[in-house]
Amino acid sequence: MVNIFYRSARFLPERAAGEGLLPWVIGVMIFLCTLSFSLTSSLGAGLEKWSESLTNSLAIQIVTENEAERDSQTDAVMRMLEATPGIKGVSVAAQSDVLALLAPWLGDIPIGSGLPLPTLIDVELEDGNALNIEALRERLKATAPNASVDDHQEWMNRIIEFAAVLRIALTGVMFMVILSTIAIVIFGCRTSLATHRESIEIMHLIGAEDSMIARAFMDRYLVHGLLGGVGGVLLAGGLLLLLANIAEDIGQGLISASVPDLSIIGWLILIPLISGTLTMTTAFVTVRRALSKML
Amino acid sequence: MIRFENVGMRYGMGSEVLKDISFTLERGSFHFLVGPSGAGKTSLLKLLYLAHRPSRGLIHYFGNDTTEMSRLELPKIRRRIGVVFQDFRLFDHLTAFENVAMPLQINGAKKAQVAGHVEELLEWVGLKDRMHAKPPTLSGGEKQRVAIARAVINKPDLLVADEPTGNVDPEIAKRLIHLFSELNKTGTTTVVATHDESIVEAVGAPVLHLNKGELEKQRGFKYQPYDKAVHAAQGTIDGPAEQSRRAAILQGGKQDG
Ligand SMILES: Nc1ncnc2c1ncn2[C@@H]1O[C@H](COP(=O)(O)OP(=O)(O)OP(=O)(O)O)[C@@H](O)[C@H]1O
Ligand SMILES: [Mg+2]
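If you read the protein sequences in the order shown, they are chains B and P.
In terms of this note's numbering, the first sequence is residues 1 to 295.
In terms of this note's numbering, the second sequence is residues 1 to 257.
Okay, chain B solo, but in the shape it has when bound:
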């Protein structure tokens, strides 16, 4: 054990029964904590990125069996959209593209087979989303009775809701893990206090102040916390890198957007320091409280 402060003077034996397990337990706790922390924060960022890319576009489809009706409504909608502010670009999907989209359900169908095809209009919105979707819906109904807008809102809402619940759950996990770590440190501290009661009493009797005695425990628990923190973060960081690699293969989408990027992994270096501070502070409070009850 490192004797950081000379004045704490090694009055505690190097190894105390059961204390050797503490860095491992703290390591597991920090692993869980790091994982839930980085997933929560990156889930938020990923969701934002992803929904932004989706809300910058919307699709309008015109579905009717009457081809003439369909084409006239398409023209009317196009004119209306071009006159609407907040829209960057409008394009009608080619019939071949529509057929390609339908292929999984209908199989290969040649163009001009007489099958009534819907028109798909891709609308690209200007940044900032000045467009009022509801007003657009109203006007569209007046212009073309067979047109409908798909702004992905409905299923995105469900995913956002799911993600929100997940974030709350992960944050809860994080806090529970932090609280259990504190509880474990308090428990460990009380055990060592009981084990070393005789040594503490001698130290008191030869004139040691509480701060000196507490310091020795703080040194020790700082080292436990640092060791556990480094271990846990290395493990969690490794797992996150692995996930990032896999997600890269999946490509664009919610999953890859939600995997923490390297900037977050850089921040993980702070976690051992935080965990060391946490265990040291907990030890300080626990020991000082116990000492104040002695003579």
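Simulated from the structure, these hints should not be mistaken for lab results.
C-beta atoms are modelled at their ideal positions from N, C-alpha and C, and glycine is treated no differently.
Check the hints yourself; a few may be wrong.
[Stated by the list, open to error] Okay, derived cross-link-like pairs now, DMTMM-like style, lysine to aspartate or glutamate, Cα gap no bigger than 25 Å in a straight line:
1) 155(P) with 214(P)
2) 155(P) with 210(B)
3) 110(P) with 201(B)
4) 76(P) with 5(P)
5) 134(P) with 171(P)
6) 110(P) with 210(B)
7) 88(B) with 75(B)
8) 134(P) with 201(B)
9) 134(P) with 198(B)
10) 111(P) with 123(P)
11) 76(P) with 219(B)
12) 128(P) with 182(P)
[Unchecked claim] Every beta carbon over 10 Å from chain B, so not counted as near; a handful from chain P, in silico:
13) 14
14) 16
15) 57
16) 98
17) 113
18) 128
19) 138
20) 172
21) 201
22) 209
23) 211
Based on these hints, arrange chain P with the ligands on the given structure of chain B.
Then chain P with the ligands, alone, in the frame of chain B:
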């Protein structure tokens, strides 16, 4: 310098093991505390070295009333007290050297200052070659000498020793008592609890008789010079050169806490 007034003491909720204890220890005095086993000698010493609070009465220390003192003020006073515990209470995981150095470290002494002084004192109690041994490997008498060295290293204002000669042969007992008397001559108030009649007789210092928790005979309470008696007691162990060397060691050991 230290005054007990109608002091009583009990352990927990038990009955009083000390009753109505009143006495005064003048600065630089030397007292023996005797009495049968279970009389309460260790208990009285515990009050003296502030390991226990009295259940009633007043205890004045260096001009402070300890009964009104907060526990935060105790360390300062405890550093002026050297204690030889009946069961030694050494740190088993530290060497003899480190055990003796502990009070100096607590006092904030520099590492360099500590080493020479500790070595000299250990040499003087005859443990130089066992300096780096840990207490579990020391004999009872050796442990006792380490405990004594730890108690006197800081040159305390008050030295309290509980049966300090219980485990050593008469020769070493004489040396230890001589050490105490040398220290006492430099102004350290000394209280030694003992069963050893021969030491009490040889030194001839005033005696506190304790019996069933009460001070029996209150004789010889004023501090008396007893140098002659001490010199008689130390007999022919050392020549004058050795004696002045020791005095120098003890003098050099003065640490202001
Ligand atoms: N920690 C304790 N808790 C309860 N009672 C105690 C405790 N220590 C001592 N006693 C009791 O207090 C009384 C005085 O004990 P003490 O140790 O002071 O005697 P002593 O004179 O030092 O004896 P000895 O010569 O055997 O060392 C005894 O009756 C003993 O049983
Ligand atoms: Mg006793």
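Outcome of the hint check:
1. Simply put, residue 155(P) and residue 214(P) have alpha-carbon atoms about 31 Å apart, too far for the 25 Å limit, and the pair is violated.
2. Among the hinted pairs, residue 155(P) with residue 210(B) is consistent with the structure: their alpha-carbon atoms are about 23 Å apart, no more than 25 Å.
3. For the hint linking residue 110(P) to residue 201(B), the alpha-carbon distance of about 24 Å falls within 25 Å, and the restraint holds.
4. Restraint check for residue 76(P) and residue 5(P): satisfied, since their Cα atoms lie roughly 23 Å apart, inside the 25 Å limit.
5. For the hint pairing residue 134(P) with residue 171(P), the CA-to-CA distance comes to about 24 Å; that is within 25 Å, so the pair holds.
6. Straight-line distance between C-alpha atoms of residue 110(P) and residue 210(B) comes to about 21 Å, which keeps the hinted pair within the 25 Å bound.
7. The hinted pair formed by residue 88(B) and residue 75(B) meets the criterion: a straight-line CA distance of about 18 Å does not exceed 25 Å.
8. Among the hinted pairs, residue 134(P) with residue 201(B) is consistent with the structure: their alpha-carbon atoms are about 20 Å apart, no more than 25 Å.
9. A threshold of 25 Å between alpha carbons decides the hint, and for residue 134(P) with residue 198(B) the separation of about 17 Å falls inside it, so the pair holds.
10. Taking the CA atoms of residue 111(P) and residue 123(P), the gap is near 19 Å; set against the 25 Å cutoff, the hint holds.
11. Our distance criterion of 25 Å between C-alpha atoms is met by residue 76(P) and residue 219(B), whose separation comes to about 24 Å.
12. Taking the CA atoms of residue 128(P) and residue 182(P), the gap is near 20 Å; set against the 25 Å cutoff, the hint holds.
13. With a closest Cβ-Cβ approach of about 17 Å to chain B, residue 14(P) is found to remain outside the 10 Å limit, as its non-interface label requires.
14. Annotated as non-interface, residue 16(P) keeps its C-beta farther than 10 Å from every C-beta of chain B; the closest such distance is 18 Å.
15. With a least CB separation of 17 Å from chain B, residue 57(P) remains clear of the 10 Å interface cut-off, as annotated.
16. Listed as outside the interface, residue 98(P) is inconsistent with that label: its C-beta sits roughly 7 Å from the nearest C-beta of chain B, within the 10 Å cut-off.
17. The beta carbon of residue 113(P) is kept farther than 10 Å from every beta carbon of chain B, the shortest such distance being approximately 13 Å.
18. At roughly 22 Å from the closest C-beta of chain B, the C-beta of residue 128(P) stays outside 10 Å, upholding its exclusion from the interface.
19. The Cβ of residue 138(P) sits about 17 Å from the closest Cβ of chain B, beyond the 10 Å cut-off, so the non-interface label holds.
20. The beta carbon of residue 172(P) is kept farther than 10 Å from every beta carbon of chain B, the shortest such distance being approximately 23 Å.
21. No Cβ of chain B approaches the Cβ of residue 201(P) within 10 Å, the least distance being about 31 Å, so the stated non-interface status holds.
22. With a cut of 10 Å on Cβ distances, residue 209(P) stays outside the contact zone with chain B, its closest approach being about 26 Å.
23. The non-interface label for residue 211(P) is consistent with chain B: the shortest C-beta to C-beta separation is roughly 27 Å, beyond 10 Å.
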